[in-house]
Each structure stands twice: as C-alpha cells, then as structure tokens.
Amino acid sequence: MSRIPAAQACADVCRVIREKVGDFSPEIGVVLGSGLGNFASRIEVVAQLAYADIPHFQPCHVEGHSGNLILGRIGKRRIICQQGRYHYYEGHDPQDIVLPIRVMSQMGAKSLLVSNAAGGINEGFEAGDVMLIRDHINFMGMNPLRGINADVFGARFPDMTFAYNRELGELMLNVARENSIFMREGVYLAVSGPSYETPAEINMFRTLGADAVGMSTVPEVIAANHAGMRVVGLSCIANAAAGMDNVVLQHEDVNEVVGKASKQFEELVEQWIQTVP
Numbered sequence: 001m002s003r004i005p006a007a008q009a010c011a012d013v014c015r016v017i018r019e020k021v022g023d024f025s026p027e028i029g030v031v032l033g034s035g036l037g038n039f040a041s042r043i044e045v046v047a048q049l050a051y052a053d054i055p056h057f058q059p060c061h062v063e064g065h066s067g068n069l070i071l072g073r074i075g076k077r078r079i080i081c082q083q084g085r086y087h088y089y090e091g092h093d094p095q096d097i098v099l100p101i102r103v104m105s106q107m108g109a110k111s112l113l114v115s116n117a118a119g120g121i122n123e124g125f126e127a128g129d130v131m132l133i134r135d136h137i138n139f140m141g142m143n144p145l146r147g148i149n150a151d152v153f154g155a156r157f158p159d160m161t162f163a164y165n166r167e168l169g170e171l172m173l174n175v176a177r178e179n180s181i182f183m184r185e186g187v188y189l190a191v192s193g194p195s196y197e198t199p200a201e202i203n204m205f206r207t208l209g210a211d212a213v214g215m216s217t218v219p220e221v222i223a224a225n226h227a228g229m230r231v232v233g234l235s236c237i238a239n240a241a242a243g244m245d246n247v248v249l250q251h252e253d254v255n256e257v258v259g260k261a262s263k264q265f266e267e268l269v270e271q272w273i274q275t276v277p
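Quick note on the working numbering: the sequence shown kicks off at 1 and runs consecutively.
Think of the hints as simulated: they come from the structure by calculation, not from any bench.
Be a bit skeptical, because a hint or two may be false.
[Claimed, not checked] Here are the simulated BS3-like pairs of lysine-lysine, each with C-alpha atoms no more than 25 Å apart in a straight line:
(1) K20 <-> K110
(2) K76 <-> K20
(3) K110 <-> K76
(4) K76 <-> K263
Produce the complete structure using the sequences and hints provided.
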C-alpha cells in the first residue's frame, strides 16, 4: 500500500514513464481483464514496464494478469495499456487499484476502455458472449474516492450519470455490427470477492437489475470519471452465475472460456480504438 499522497504517487510514476518514452502522449487507455491480456500482442510497443519496475505499483497475484504497463500504437492511435489489473480482494488499497488509471489520465489519455471476465446473470446470456456495459452497480462496499479529495485529478463529487460514455458505446456497437460480432448490452454489478456469489445473492442481483457480476472494473471506472475520461466497458461472459446451471465455479474455467473468446474481443477492440474520435 502506498503511504504517500495519491497525487505524489501519480507524479512519480509519470516521471519514470516519461524517462522511458520521452514526449509520447497516449490518447486512449486500456485495461485488460482476466484472460484478455493477449491483446497486448497487437500493440506496436514503444515501451513496456513491468509493475515491479514502476514506483508505487503493486504486484499482480491472479492467474491471467501479467503485470505490465505497455505504451505503444494500434494503427495511428497512441495507447497506454494495463496488462493485468489489481483487485480489491487481493488486499490492495483502493488508491493503489486506481493509480494506473490516474497515471493514464495524467499522461494525456482522454478515453478509457475497461474489460473483464464476468458471470452471466441475465438468463439469455451464454458463455463466450461479449457484453457492452451500459451502467454498473457498486456492491463492493468501497469507493476509491473516499478520503481527502485530490483536486489535481477531479472534483470532490463527480457525477456518474454517464459513467459509460454513450457515444463511444454506440461506436463499439457499430464496429461489432460491421464485423458480424454479436454483442450483448447490460448492467455490470461488482462485488468484493474473492468467493463467488451464492445462488440467493445472484437472485437478489437479478432483482436489482444486474445482467452480469464480477470483482473488478467499478473502482477504475469511478476514478476515470473523476478524472474526466470517457469510458467504455466490455464484459466477456465466462460462465452462468451461481445456481443457474448447478455447476461448481472455478477460475480455471473462466480463463478457458475467455481464452476461446479472446480473438473476437481483440479484433473488436483493435478496430474500435482506430475509430475513436
């Protein structure tokens, strides 16, 4: 856990990155969730930094999260990519979870794509589906903006009405249609984890209006909105949520399903990045 102010930690990281990349200024940030890290192979790399070599960054302990910060290009677009994220259930402080997002913003990124593997709550969803996140429900019991506000990042009370940018979301749907990629839409609910949910909890979440459930993403989206970034979110539906098909949920199965869907995901994101206004 970082013990120095969030603004100072962010400044330290940005300084180290700029020593590596000079005046390279990313336009778009990308966060790759469980099983989706191979998208990084499509990046024309300018610099790749292991989290272990970045001040104030923490190690990743979850299978499917490599732990690299990559700066480079997709076509003509300059991106900064978090290959592996932090999870609240790993014991990370919320400030550490959102530090990479704040770094992306301070480096110049105005748009952010977040991705994750999620359990399907909507009974019409199938394993392998990709869902555009239209909204979220924060059921994690924490908010990364708690504490003294760092004005350098944003206002004390950021509005979350349009937490997921409608224009960029429609653009994602258009790219999917043009490439004959079927895409779901829905509400993502985040829990703290690491235990999977009970069937009773899934029934409650469905009643609340959730279509998918996971253990990440929401802190990063809150921090991105705080910083004034435009956000698009994608969930890869890895399995039916607890109690829906009477099977025992395992992380290895999640990675296997997401791995099979990853090529479609990668093609979708690559083309979307090149069309972002």
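Do the hints match the structure? See the list:
no.: 1; hint: K20 <-> K110; in the structure: holds (21 Å)
no.: 2; hint: K76 <-> K20; in the structure: holds (20 Å)
no.: 3; hint: K110 <-> K76; in the structure: holds (16 Å)
no.: 4; hint: K76 <-> K263; in the structure: holds (21 Å)
Of the numbered hints stated above, none is contradicted by the structure.
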